[in-house]
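2 protein chains.
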Amino acid sequence: MIIDCHGHYTTSPKELQDYRDAQIKGIEGGGWKPMKHDLNKRVSDQQIRDSVEGAQLKQQRERGTDLTIFSPRAAGMAHHIGDAAVSEHWTEACNDMVQRVVTLYPKNFVGVCQLPQSPGVNPKNCIKELERCVNQLGFIGCNLNPDPAGGYWTDPPLIDKWWYPLYEKLCELDVPAMIHVSSSKNPNFHFTGAHYICGDTTAFMQLVTADLFKDFPTLRFIIPHGGGAVPFHWGRYRGLAQDMKKPPLTDYVMKNVWFDTCVYHQPGIDMMLKVIPADNILFASEMVGAVRGVDPTTGFNYDDTKRYIDAAQISAADKQKIFEGNARKVFPRLAKSAAMAG
Amino acid sequence: MIIDCHGHYTTSPKELQDYRDAQIKGIEGGGWKPMKHDLNKRVSDQQIRDSVEGAQLKQQRERGTDLTIFSPRAAGMAHHIGDAAVSEHWTEACNDMVQRVVTLYPKNFVGVCQLPQSPGVNPKNCIKELERCVNQLGFIGCNLNPDPAGGYWTDPPLIDKWWYPLYEKLCELDVPAMIHVSSSKNPNFHFTGAHYICGDTTAFMQLVTADLFKDFPTLRFIIPHGGGAVPFHWGRYRGLAQDMKKPPLTDYVMKNVWFDTCVYHQPGIDMMLKVIPADNILFASEMVGAVRGVDPTTGFNYDDTKRYIDAAQISAADKQKIFEGNARKVFPRLAKSAAMAG
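Same order as they appear, the protein sequences are chains X and P.
The first sequence begins at 16 in my numbering and counts up one residue at a time.
The second sequence begins at 16 in my numbering and counts up one residue at a time.
Among the hints, erroneous ones may be present.
One copy or two, either will do: identical chains are not told apart, so a pair holds if it fits within one copy or between any two.
Unchecked claim - 25 angstroms max Cα-Cα, derived BS3-like pairs, lysine-lysine: (1) Lys261 / Lys200; (2) Lys40 / Lys344; (3) Lys321 / Lys289; (4) Lys40 / Lys200; (5) Lys200 / Lys260; (6) Lys40 / Lys56; (7) Lys139 / Lys176; (8) Lys176 / Lys261; (9) Lys334 / Lys289; (10) Lys344 / Lys334; (11) Lys48 / Lys73.
Source of the hints: derived by calculation from the structure; they are not laboratory data.
Extracted from the complex, chain X is given alone in its bound form:
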């Protein structure tokens, strides 16, 4: 079984964006009133089918993957827009749309939720929606934005006690978080080309500087996009940890952290597989996501990452871990999902 741990609903029906646009218009006009979505009435099952049949489902078939761990569009989260109430309503809408996909294609998708974060608002505010998604909708994880301020990084680092109430709930529910920033309102950071990769790198280094996992031994984080810059600078990170008198990274941060394989060329994947233990790597493609073109040097899509893993010079046992085994460990609720039933 091939499990893609990082797919986003980037192709949702336009009604979702219409709802968001109305929110934003309301905020900008100053006359916004909290307004829950009614998309479950307004979006038909056929629309949901149409939105994924020619995109994510087609790619699953063509590329030979089985199941996508599926979450709302990452750039769409934009926690920096509006206040906590805006974020809550928007988050519910996004999560409910993912749930619609999962309900129609329970063998192809399993849900991971967006959280209703908002800059400066305590993350415990996210617990209610996290519980709804996990306990009621059957989601198996969440995306956690380390910078709800959208490129200004004004909230505390992930190792700060600020985040602890959310971590406690993640542990209690036994679900992991993918550390994933959203769009950037800071003109310095291109979203998929800078903010995403820098968010990953920044989060990892935060985890090096303090032993968060001593307080939360069962907390599990996925750092996407191959861990940002980390595998390329693995010597630097090993050396920095060593200079700080920390244990070797494999006995320390890497007991609770996994990198995904959203690295869009063979040499990058090969290098990553050389330095990062196979136990810490989860297969993912980010499709339909950041890069949509065909690589002229290969004739295949840049984000067809299964090809890189297939071609890698690693053992069959390691491939099995990366494609399936690790995901089952990181997402224990996967075993109970409809995807695995029968």
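Guided by the hints, dock chain P onto chain X, whose structure is given.
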């Protein structure tokens, strides 16, 4: 000849830090008055010798490198402290100390200057010090901080016309800039583990989004630390440029950009050499810099990067470019420096 294009004066005599401490104390007390440094009187030649003999010079000898392109301590620049006048005085002090090293060891070091940047202050304010360093002190380049706000990224991106007066001067003087952030006052960003690497990645992506070098065909940027995350995600960057209908990166950004070899393990260097043309790589070690320990897996210092290039499976011609040839092209004033005389 082996030219290390990225060394910092991290071991300067304590009088330099005393001067800085007095500045900061003055700012904090509210009673700071502009005060030019008198370090050239207060620091003896012997102190300068002592500061590098057991450090940078020793490492040059041990590692077999010849010449270090040498600049003030990057984390020390801290352009976010105080105002433009504070930055100007501090910058003069730092550059003058580098000049002292170069004067004593003209065969071992050649200078690159810090700029007196300050958040929100137009970069043309840096021109006077740049001209002094190049025309009077014989420096051959500068370090340009893309985020003078120290981790808050409140100034415009490098492609903005805000920076153009400085670029015009760089072109006129025919000196390159290394794009190098400084310390971070933002607790989210560890300086050498996150801010540096993310600054590199961010700068590169800014250059992908708009064709700055169309306006400045002779402008040359060095992106240090192996280009941040860029080589690891070379497929992503090629794909993003392609999605944006830009030319292939090698015909575009890479005509004006070089990455250095401050990547502290063999697999990282090998991957970089596989995807980045040898014409775009400059040898560097960042010594004495970010990581000071010995890698237990090799028995050598993490930052002894010459060993990685020596061991790399590339042609002798490519090694010559990386160790020397490219540096001569990127730093044309090197040819006229004392290091190359006689």
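Now for the hints, and whether the structure bears them out:
In this assembly of identical chains, the alpha carbons of Lys261 and Lys200 lie at most 25 angstroms apart only when taken from different copies (23 angstroms versus 35 angstroms within one copy). Proximity of Lys40 to Lys344 under the C-alpha cut-off of 25 angstroms is found in neither arrangement, the shortest distances being 43 angstroms within a copy and 53 angstroms between copies. With identical chains, the CA atoms of Lys321 and Lys289 are at most 25 angstroms apart both within one copy (17 angstroms) and between copies (21 angstroms). Taking the shortest alpha-carbon separations for Lys40 and Lys200, only the intra-copy value of 17 angstroms comes in at or below 25 angstroms, while the best inter-copy value is 35 angstroms.
Proximity of Lys200 to Lys260 under the C-alpha cut-off of 25 angstroms is restricted to the inter-copy arrangement: shortest distance 23 angstroms between copies versus 37 angstroms within a copy. For a Cα distance limit of 25 angstroms, the shortest separation of Lys40 from Lys56 inside one copy, 22 angstroms, qualifies, whereas the shortest one across copies, 63 angstroms, does not. Taking the closest pair of Cα atoms, Lys139 and Lys176 come within 25 angstroms of each other only inside a single copy of the chain (11 angstroms); across copies the shortest separation is 43 angstroms, beyond that limit. With identical chains, the CA atoms of Lys176 and Lys261 are at most 25 angstroms apart within one copy only, with a shortest distance of 20 angstroms there and 44 angstroms across copies.
For the homomeric pair Lys334 and Lys289, the shortest alpha-carbon distances inside one copy (13 angstroms) and between copies (24 angstroms) are both at most 25 angstroms. Taking the shortest Cα distances, Lys344 and Lys334 sit within 25 angstroms of each other inside one copy (15 angstroms), while across copies they are farther apart (45 angstroms). Neither within a single protomer nor between protomers do Lys48 and Lys73 lie at most 25 angstroms apart by alpha-carbon distance, with minima of 39 angstroms and 68 angstroms respectively.
Consistency with the previously given hints fails for numbers 2, 11, ordered from lowest to highest.
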